Structures are given as C-alpha cells and as structure tokens.
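**Q** Starting from the given sequences, assemble the full structure and let the hints guide the process.
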Amino acid sequence: MTSTLMACIIGGIVILPLAWLGVTSAQNSDGTWRHLYETVLAGYVINTLLLAAGVGLGTTLIGVGTAWLVTMFRFPGHRMFRWMLLLPLAIPSYLLAYAATDMMQFSGPIQTALRDSTGWSRQDYWFPDIRTLPGAIAVLTLCLYPYVYLATRTAFIEQSACVLEAARTLGCGSTRLLIRVAMPMARPSIVAGLALVMMETLAEFGAVDYCAVDTLATGIYRTWFARGSIVGAAQLSLCLLALIVLVLGFETIARGSARFHHATCRRQPLRRKPLSTWQGLLATCVCGMPIVLGFVLPVVCFAAMTIRSGDARAAELLWGLGKNSVTLAGISASVVVIMATLLTFGTFLNPSRFNRSCRRISRLGYAIPGGVIAIGVLAAAWSVEEWVNDIADTILGWSPGLFISGTIVAVLLGYQTRFLSVGLGIIDAGMTRIRPSLGQAALTLGRSPVQALVHIHTPLLRSSLFCAALLVFVDVLKELPATLILRPFNVDTLAVRVYQLASDERLAEASTSSLAIIVAGLVPVVILSRWMETDSAGNESKSIGTAG
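For the sequence shown, this note's numbering gives the first residue as 303, with consecutive numbering after it.
Hints are computed from structural coordinates only; laboratory data are not their basis.
In this text, all values refer to a predicted model and were calculated from it rather than measured experimentally.
Cβ atoms here follow ideal geometry from the backbone N, Cα and C, with glycine treated the same way.
What you were told as hints is all true, and nothing was included just to trick you.
Pair by pair, the computed Cβ-Cβ distance ranges are:
1. Arg-737 with Ala-614: 57 to 65 Å
2. Ala-605 with Glu-807: 17 to 25 Å
3. Trp-700 with Glu-807: 45 to 53 Å
4. Val-756 with Pro-411: 53 to 61 Å
5. Ile-609 with Ser-701: 49 to 57 Å
6. Gly-699 with Val-342: 48 to 56 Å
7. Ala-617 with Asp-426: 42 to 50 Å
8. Pro-653 with Gly-699: 47 to 55 Å
9. Gly-530 with Trp-684: 14 to 22 Å
10. Pro-411 with Thr-760: 43 to 51 Å
11. His-337 with Val-825: 45 to 53 Å
12. Ala-614 with Leu-359: 42 to 50 Å
**A** What follows is the structure, given as structure tokens:
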C-alpha cells in the first residue's frame, strides 16, 4: 500500500503537466492541425526519426567504444580519458552549434586557413555545412555521447572479471568479447543511456533550430509562438510522446524476462590488457577525437571571443547568476535522485501493473520540450492555486495568492517533470544488476523496506546514484526554456544570460557566461569521475580479499 501511494504521488507530479497537454490537444485548433498535417507534419516526423536514428547510432558507437577501451585496456592517456570523455557534458548543444558554425563557416578560421595554405577559391573545394541534418546529428552526437559512455562504463566497472576471463579462455578476442559477452551484460545501462540520448534528441530545440532542421520540437515552438496556437503545439507534443513511448516500449518488450545481475558473490578484479604501440596510438586517437571536437574546440572558440569582446558586466553578474544556477541544479539533482530511488524500489517491492505504469509515465517528461512542460506546470499550478484560494476565502476570508507559480517551487516542479526520467533510467539499470534475493533475504530476516533500501540497496547503487545526480545537475545547468518561463521575477541563471545576449546577436558577450556554464558543469564531472575510479579500486581490493 505504501509503495502504491508513493508511486501515485511521484507519478502525479509528472502527469499533471502532461495531462494538460492531453486536455488542451482535445480542443479545437481552428484548422491549425489540418494545415500541419497536410503541409509539414510528414517532414517533421521524418527529420525527427532520421535525427534520432543518427544520433543514437553515433552516441552508441562512441560511448560504448570509448567506455570499453578505457575500462579494459592500458594505452597512452587511458587514465586521463576516463574523466576527459565526460567533458562535453558541460557544453549545451546550442553552444556547440554556435561554436562549430563560427569555426567552420566560409569566413571562419578553418576554411580561411585552408584557402590561405592552398590558394583555393570557394569553388575549388567542398566543405561540410553544420547547418544541415548531418551537421545537427554531428553536433548532438558530440554533446550527448557522454550519457551512453557514463552509463556503460559504470556497468563495465561493475561486471565480474570471472565471466570475461572465462570467455577469453574459450577463444574470444577483444572484439568478440565486447559484442558477445560484455555488451549483453551491460545492456540495461547502455539502453538507459541511449534512451536519455533519444529523448534529449527528440526534445532538442536550440541546436536543431540553429542548424535549420525542421523537427517536431521546432514545429512545436513555431506553432506556439509564430502561429499563436497552443492547441496545435500540444497536439504536436503528443506526437513526440508517442515516439518516446515506442522507444521505451520496444526495450521493455525486447528485454523480456532476461536478467542481468551476477549469479555469484565471488568476483575478481578487472585486469586491464596493455595494447601494442600502434594499437595504443589508435586507441588514443579514438578517445581523443570526441574530446577535441566536443570540448576543446568550443572552449577555445568561446575563450577567444571572451578575450576579444567578452561580457562587460561579467564581474557584476556572474557570481549571482552562477550561485542561482548551482543552487537550482543541486536541489533538483538531490530531489530527482530521491524520487527516482523511491519509485524504483517501490516497484521492486510491489511490481504491480499500477506501479509499473506510474514509473513509465514518470519517464515521459524528458521527451517534451522544456517550454511546453513549463506551460503545463503553470496551468496545473494556476488550477491548484485557484482551488485553494476559493476554499481559504470561503473558510478563513483570506487568500494565500500565487504560492506555486512565480516561485522556486514552480521551477523545481518543472525540473522534476523534465529530468526525473534521467534518474529513473540510470537507477533502474543499476537495480537490475542487484540480485533480488538480497533484498528478499533482508525482508525475510525482519528488516523493514526502508532498512533494506538504506542498508542493502543504496550501498550497491552508489555508482548509479552518483551517475544520475551528475546527469541531472549538468542538465539543469543547461536547461533554458523551462527556467526562462518558470523562474521568479528577477531570478536569472547563466543559461538565461546566454540566451538574452545571443538573442540580441551578441554572441561574443554571451561567450563569457557560456564559459561559466562550462566551468560549473566541469566540477561535478571531475568529482564523479575521481569517485568512480576510487570506488572501482575499492571494489577490486574487496574482490581480492574475498578471493583470498
């Protein structure tokens, strides 16, 4: 009963804004939906599917490949790459699109240097254009592959070397070992990271719009702001929801009754295999390329802009903006991890259809653009406030006014709706790697569910909890539409400052706040990476002691 009530409360927080979409989409759109259907809807859907497929493939190749290399092999720089591969997480996708376009356009430094060194003119060579569908796929892949990398590496670290060594003795080489053994065991984590990538891609607006690609997300904003049709925007949002339900449902069906936890408590530490000289150089290039393209070049671009003509009010504003950003991100990350852990554990205790449905519903918010969620939160908040004010006025003769909308509470509600899926995906994947008999044994021995969660599952989920907290923290730092709409009066963040300057074509000034966002996002990335290394080393020591 307790787990059902908890699932109902947590699911209700997410479903209220989504319910607004359903209610609004059922209204008359005054011909907007028919016009969209007959003209642009097919193009929106095709581009969205192509974008999601391209980004999904790219992030899987980079994320899984680099996670396997740094976890299983020794080569030049492998220790640094373990945390450096997370660096692109700190850069919002729209900022990477700005930087890539600035550097690769005809008048940018790369093409200018090419023409100066070769004497070519514009007609003498072909150069890739960022403002295309392939360009958008490349930008989003470089920004989002750390989701897959982090989740996959967490799974690889927690895998027992016994199974991998047994496969080696049976003749499996490194490639076959990855494809036939390691990836199937890590599938829940890989899919959890990939699901986040797919949902982020489906809801992405800034980078996709800047790259001039028409998708459902850009169509939602254009229908809403350009056409002034909230109903049409809600109807397109339901199309996005349908796509993400298909993505999540496909994995649920594909997983079936498979289990991914260890069948034994005896574990051996992972032994990293040294690579030959040429193999080590190749591995270094493979791991270094996404870091250079996804982090180093954008940072260099923004740093150059800041030095030339940065934000003149940086000293005055950045401390306050940074404090607001970090505070909101820290609170949101903590609340998301707590709610996701409770919902996942509650479903583990009572895997009823209702609880599982609440968990699925709670994962849908990530597929909806932040601006649409913000309007849904405001609509739900206004309804609750109106109801409470009417009751208070009738009974007490006094009304509390707007106690949700226009406050930090509304911002946090928007973040929970948007990012709860991040915590659920990572923590749920971690829960699948814990043998159910451990929790069942604790309950049989008289431990309460809370004690089992605190003393049994939480220690085993440490890597997953920290991973989820990191992703939510960095996502909130970069979130713009929901913050812009829901923030209280005169409470701005670094992302809002970047938007205000960039919308006025003052990208050079916006580079200062962009660098501040990157620095703020780097801190948790480095902390988590170092913690993962320490935790991995501790697990190896415990395994050696157990074997001895």
